[in-house]
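2 protein chains.
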Amino acid sequence: MTTIHIEKHSANPGTAPSEETQNVRQRLLKSAIKLFGEKGYAATSVNEIVSAAGVTKPNLYYYFTNKEGIYITILSEALTGYDEIFNRASQAQGSARQRLMEICIEVYQQFVRNIDTSRMIYSVYFGPHQSAPPFDFETFRMRHIQLLHDLILYGISIKEFRAGDPHIMTLAVLGQCHTAMELELCHSGPTLGQEGLTKVLELLFESFAINRTAITEE
Amino acid sequence: MTTIHIEKHSANPGTAPSEETQNVRQRLLKSAIKLFGEKGYAATSVNEIVSAAGVTKPNLYYYFTNKEGIYITILSEALTGYDEIFNRASQAQGSARQRLMEICIEVYQQFVRNIDTSRMIYSVYFGPHQSAPPFDFETFRMRHIQLLHDLILYGISIKEFRAGDPHIMTLAVLGQCHTAMELELCHSGPTLGQEGLTKVLELLFESFAINRTAITEE
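Those protein sequence lines, which keep their order, are chains A and B. For the first sequence, this note's numbering begins at 1 and goes up steadily by one. For the second sequence, this note's numbering begins at 1 and goes up steadily by one.
If you're looking for bench data, these hints aren't it; they were derived computationally from the structure. Fair warning: there could be bad hints in the mix.
Below 16 Å or equal to it, Euclidean Cα-Cα: the simulated EDC-like pairs (lysine to aspartate or glutamate) are [stated by the list, open to error]:
| no. | chain 1 | residue 1 | chain 2 | residue 2 |
| --- | --- | --- | --- | --- |
| 1 | B | K39 | B | D116 |
| 2 | B | K57 | B | D83 |
| 3 | B | K67 | B | E48 |
| 4 | B | K159 | B | D116 |
| 5 | A | K199 | B | E106 |
| 6 | B | K199 | A | D165 |
Assemble the whole structure, with the sequences as input and the hints as a guide.
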């Protein structure tokens with residue numbers, strides 16, 4: 001019965017999704033992201049999601065099976081976006097400093113471009129246990145850390161960076177990325193923005209460098 | 001009627017609180033911190049708090065008036081602890097670098113010592129709106145930022161630090177504090193610890209310094 005309702009939305013079943021079906025799916029994702037972020041997973045109902053999206057319930061069941069399905073889809077698609085950045089970064093050319101800068105800026109841009117999803121991820125990760133379905137954030141976090149760590153080790157191996165503690169250097173870089181991102185989630189006060197993130201990373205990379213560059217402004 | 005229950009717990013009414021009344025108050029705070037952090041403010045009932053504390057309901061009403069009262073007390077006491085650190089820090093002597101390091105380490109220690117409260121604060125701040133009573137986190141955040149900023153300006157004025165952008169330098173320091181603290185809240189992966197925080201700050205301060213110190217380990 002569910003599919004009968006849905007077929008109405010798909011003008012050409014069996015072919016590429018029409019613009020309208022794409023829109024329905026996107027509208028559902030957008031509503032769910034906002035509601036999960038604002039109210040939490042448990043407090044959000046399927047009715048609220050479909051109503052906010054302006055579509056009928058069977059659409060949600062068709063595209064995502066159930067509330068858990070749309071939740072997992074949101075998180076998986078978000079982390080896939082970051083994984084693509086990590087994949088490109090691990091193939092990229094250039095100095096360790098350039099490559100670290102690029103990956104940090106791209107991660108920051110992805111976070112800001114999808115700020116509602118980012119807010120939802122923080123809400124799920126740091127918020128109260130919401131009897132939300134389990135989701136493996138940790139594999140993703142560890143992949144990010146590992147990539148930064150490998151780039152720092154590479155920088156040390158080619159004598160671009162001095163031989164510091166790669167674990168500390170990695171967490172220092174990660175910290176500046178996270179700070180720039182979190183300041184976007186705060187309710188007031190200064191943010192760093194992309195330009196600020198570039199500057200704090202430049203400060204940090206200067207201390208990694210074997211040869212200090214002259215950036216004193218005096 | 002409420003007070004009748006309470007007087008039983010106070011062996012010497014009118015004198016300093018006995019050890020038992022102190023314990024009752026502390027037990028209530030501890031249970032509420034855990035429950036608000038795990039379930040959120042709205043989902044936690046007064047019954048659950050008193051039951052977890054092993055005390056009767058009138059005790060909660062006596063010490064905190066209601067659920068809102070215990071919630072506001074927890075947050076106020078936590079932020080008062082940080083305010084004391086900021087007050088001491090603004091009076092302290094020493095180089096800008098030493099003073100920045102001391103304040104960061106003290107804030108980190110306070111955060112870890114009260115890890116359940118810290119978890120609750122993150123849960124409230126980043127978690128879903130929980131129809132929790134409003135609480136002014138922003139004044140506190142701005143005070144922390146202002147203090148770091150003043151110390152950095154001081155460092156620049158005495159030519160201990162080079163003339164960089166004090167806004168960027170401030171957020172870079174703040175970022176490393178926050179990272180060390182947040183890694184304590186994460187569910188897995190590397191943490192920095194106090195020693196790691198000291199090291200990332202040293203990395204950063206090195207790039208602030210007019211004269212780079214020789215800490216290359218090669």
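Here is what the structure says about each hint:
1. As the CA atoms of K39/B and D116/B are separated by approximately 13 Å, the hinted pair is consistent with the 16 Å bound.
2. Our distance criterion of 16 Å between C-alpha atoms is broken by K57/B and D83/B, whose separation comes to about 32 Å.
3. For the hint linking K67/B to E48/B, the alpha-carbon distance of about 11 Å falls within 16 Å, and the restraint holds.
4. Restraint check for K159/B and D116/B: the C-alpha separation of about 41 Å exceeds 16 Å, so the hint is violated.
5. Taken as a hint, the K199/A and E106/B pair is broken in the structure, with Cα atoms around 26 Å apart against an allowance of 16 Å.
6. Among the hinted pairs, K199/B with D165/A is consistent with the structure: their alpha-carbon atoms are about 9 Å apart, no more than 16 Å.
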